[in-house]
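Visitor: Spelled out, the chains give:
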Amino acid sequence: MALTNINLQIFAAEFLGVVGKSGAGKSTLLNMINGVDQLTSGEVIINTDGKKTSVHKMGEDERARWRGANMGVVYQSFQLLPMLTLLENVMLPMDLLDNFHPRKSKERALELLDLMEIAEHAHKLPSFISGGQQQRVAIARALANDPAILVADEPTGSLDSVTADHIFNVFETLVSKQGKTIIMVTHDMGLAGRFSRALTLTDGKLLDAELTANMDLTTRRMR
Amino acid sequence: MTADSAPREMITLRGVVKKFSNAAGEFTVLKGVNLDIYSGEFVSIVGKSGSGKSTLLNMVTGIDHPSDGQVVVNGQDIYSGVTESQRSKWRGKNLGIVFQFFQLLPMLTLLENVMLPMDYADLYSFDERPVRAMELLKMVGLEAFANKLPVLVSTGQQQLAAIARAMACDPPLLVADEPTGNLDTRSADTIIQLFERFVSQGKTVVMVTHDPSLTSRTHRNIIISDGEVIHESVSRALPQLRHRHMLEFSKLLRERSFHAGETILSREVRSDDFFIIRRGEVEVVLQDAQEKKYMLSNLAKDDFFGEAELTSGGKSIANVRAGAQPVEVVVIPRADFMRVMAQSPITAEAMSKATQIKLETQQIADHRAGTH
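Protein sequence lines, in the order shown, are assigned to chains A and B.
Okay, so the first sequence: first residue is 4 according to my numbering, each after it adds one.
Okay, so the second sequence: first residue is 59 according to my numbering, each after it adds one.
It should be emphasised that the hints constitute simulated quantities derived from the structure, not laboratory data.
Be a bit skeptical, because a hint or two may be false.
[To be verified] Listed next, the in silico DSSO-like pairs over lysine-lysine satisfying Cα-Cα at most 30 Å (straight line):
1) Lys-309/B with Lys-359/B
2) Lys-206/B with Lys-196/B
3) Lys-109/A with Lys-151/B
4) Lys-208/A with Lys-206/B
5) Lys-147/B with Lys-77/B
6) Lys-109/A with Lys-180/A
7) Lys-151/B with Lys-127/A
8) Lys-77/B with Lys-151/B
9) Lys-55/A with Lys-180/A
10) Lys-107/A with Lys-147/B
11) Lys-309/B with Lys-106/B
12) Lys-106/B with Lys-89/B
13) Lys-147/B with Lys-109/A
14) Lys-127/A with Lys-411/B
15) Lys-54/A with Lys-89/B
16) Lys-89/B with Lys-127/A
17) Lys-77/B with Lys-89/B
18) Lys-151/B with Lys-107/A
19) Lys-127/A with Lys-109/A
20) Lys-127/A with Lys-106/B
21) Lys-411/B with Lys-24/A
22) Lys-206/B with Lys-60/A
23) Lys-206/B with Lys-55/A
24) Lys-309/B with Lys-147/B
25) Lys-107/A with Lys-127/A
26) Lys-109/A with Lys-106/B
27) Lys-127/A with Lys-147/B
Work the whole structure out from these sequences, hints included.
Guide: Written out as structure tokens, the structure is:
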């Protein structure tokens, strides 16, 4: 069983970290939240823009549309399309969802690249920028349709610590300035102190919340 | 490629130079590369990290542009008088590209990912696109996963989907940069088999790899060393040489040709060159006092000769002549050959074994011919 009896509430504008070893069920949990995968039993309810959605009740197509509008996803490998410029990569989700006028989507993509401090490279192809820069473009792309929630699966997994730190700063700003909710999965226990709340997943189970809270306190005191 | 038609050039590079400049100064990554790849060939490109192999690939795909020189792909000079957007359009129709990390869009299903290039190139009618995408997924064995998102399939399957996407607009040329670099051996094998199938259907496949077990499965292996292409006769005849020595030979060699039957080396006459056969066959023959001829051996493309003479004495140990067809060889001068051999113990040893066998055969043949 990949996940066992998970009960979890995530609040708006939280920067939630889910930490655990490889195989603990972190990615599966993320896939339940963003509706990428189907749960065996239970409920996933997501409240965005004052509208409650039962993710587990939606069909595949409906889920895909809902996800496109409400969730931004960032993965360890940046998965930018190599033949498109950074700008075109960021415009892509808007073009696909077709909820912005083309001129508007270009404008918005530039704004997002600017927010990620990478607008000067907008017309370059992905192979000409560094890994950390590519990840920032991937985050800009994840934000394209202005989702309330951003889910990130090991987004710093292939970056050096300085670059990873920059990505963390970006996430923190998105939470504090824009009120985004960010759920990030990592196997790096050392990052736990950087989230507004960290949960530990072991063998598909969430560690007792109180215990985690205490651990969290301990790590905070140690810092 | 059919036997009776001349091979058509798919990729031609002439004098391609690529310079990068950064704070440390200017750095030349490609130093005047000439290269021909023909339609229907399955070609691997190898080279150490930093040798310039990915840069070379970027010149072919038009991702980057050369500082000097000409690149013609499928009959189109892709840099002269072509704008970035024209090149992008051209690429969509002529080129499939596969990368080490699959670059599938995470928010799209495999089917939608495969449809994407058709949308971009605006090829195939709107209704045809999903049908064609499904056929491509079937071809790579992923039809059951068509509606899954990339995260839900294995990395091997993601790469197969990326290949299906690369073939979406039915390009004549598929270019792959370390396509198996991130995969286990079994998935890698599936991918190479797929490439072999494309080639059997007349596609041209060019693959950058660092895995020697894959280069044996391609028609040709091109080695890049320090921004230059190694002469293929050298790399095939002396595969154990270090790349930098291969490159040294590539720069020093001269090309020579001989008519059918023409003498290349005469027994007891001093020889000053090391020979590698590029085309045709040569005959190694002994002649006794009565002008009776004994054929010792037949050497063909990529075989070498002349090494025994250079390493043991200097005079030719047999007569060597061109066979029934004209012969083309490359020759490396004695001094250069000896210098590199002195630094290449593995090749020198392999060669000395071969020489030993030749000399022994020689003695037996000499004995039979009655010259001793």
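Visitor: Work down the list of hints and note, for each, if the structure agrees.
Guide: Evaluation of the provided hints:
For the proposed pair Lys-309/B and Lys-359/B, the alpha carbon gap of about 20 Å is at most 30 Å, so the pair holds. Note on Lys-206/B and Lys-196/B: the hinted pairing holds, with a Cα-Cα distance of about 14 Å set against a maximum of 30 Å. A C-alpha spacing of about 25 Å is found between Lys-109/A and Lys-151/B, which places the hinted pair at or below 30 Å, so the restraint holds. For the suggested pair Lys-208/A and Lys-206/B, the alpha carbons sit about 26 Å apart, so the restraint of at most 30 Å is met.
For the proposed pair Lys-147/B and Lys-77/B, the alpha carbon gap of about 26 Å is at most 30 Å, so the pair holds. Between Lys-109/A and Lys-180/A the alpha-carbon distance is near 23 Å, which keeps this suggested pair within the 30 Å criterion. Of the pairs offered as hints, the one joining Lys-151/B and Lys-127/A holds, with about 21 Å between alpha carbons and a cut-off of 30 Å not exceeded. For the proposed pair Lys-77/B and Lys-151/B, the alpha carbon gap of about 28 Å is at most 30 Å, so the pair holds.
Of the supplied pair hints, the one linking Lys-55/A and Lys-180/A holds, its CA atoms being roughly 24 Å apart against a limit of 30 Å. Restraint check for Lys-107/A and Lys-147/B: satisfied, since their Cα atoms lie roughly 24 Å apart, inside the 30 Å limit. About 19 Å separates the Cα atoms of Lys-309/B and Lys-106/B, which keeps this hinted pair within 30 Å; it holds. The suggested pairing of Lys-106/B with Lys-89/B holds, with an alpha-carbon distance near 16 Å, which does not exceed 30 Å.
Using a Cα cut-off of 30 Å, the hinted pair Lys-147/B and Lys-109/A holds, with the two alpha carbons roughly 20 Å apart. The hinted pair formed by Lys-127/A and Lys-411/B fails the criterion: a straight-line CA distance of about 55 Å is larger than 30 Å. With a C-alpha separation of about 61 Å, the suggested pair Lys-54/A and Lys-89/B falls outside the 30 Å cut-off, and the hint is violated. Our distance criterion of 30 Å between C-alpha atoms is met by Lys-89/B and Lys-127/A, whose separation comes to about 24 Å.
Under the criterion of a C-alpha separation no larger than 30 Å, the hint pairing Lys-77/B with Lys-89/B is consistent with the structure, at around 8 Å. Restraint check for Lys-151/B and Lys-107/A: the C-alpha separation of about 29 Å stays at or below 30 Å, so the hint holds. This hinted pair checks out: Lys-127/A and Lys-109/A have alpha carbons roughly 15 Å apart, not beyond 30 Å. Annotation: proposed proximity of Lys-127/A to Lys-106/B holds, straight-line Cα distance about 27 Å (limit 30 Å).
Annotation: proposed proximity of Lys-411/B to Lys-24/A is violated, straight-line Cα distance about 55 Å (limit 30 Å). For the hint pairing Lys-206/B with Lys-60/A, the CA-to-CA distance comes to about 18 Å; that is within 30 Å, so the pair holds. Between Lys-206/B and Lys-55/A the CA atoms are separated by roughly 25 Å; this keeps the pair inside 30 Å, and the hint holds. For the proposed pair Lys-309/B and Lys-147/B, the alpha carbon gap of about 38 Å is over 30 Å, so the pair is violated.
Only pairs whose Cα atoms come within 30 Å are accepted, and Lys-107/A paired with Lys-127/A is accepted, the gap being roughly 20 Å. A hinted pair counts as satisfied when its Cα atoms are at most 30 Å apart, and Lys-109/A with Lys-106/B does not qualify at roughly 40 Å. For the proposed pair Lys-127/A and Lys-147/B, the alpha carbon gap of about 17 Å is at most 30 Å, so the pair holds.
The structure does not agree with the numbered hints 14, 15, 21, 24, 26 stated previously, though it agrees with the rest.
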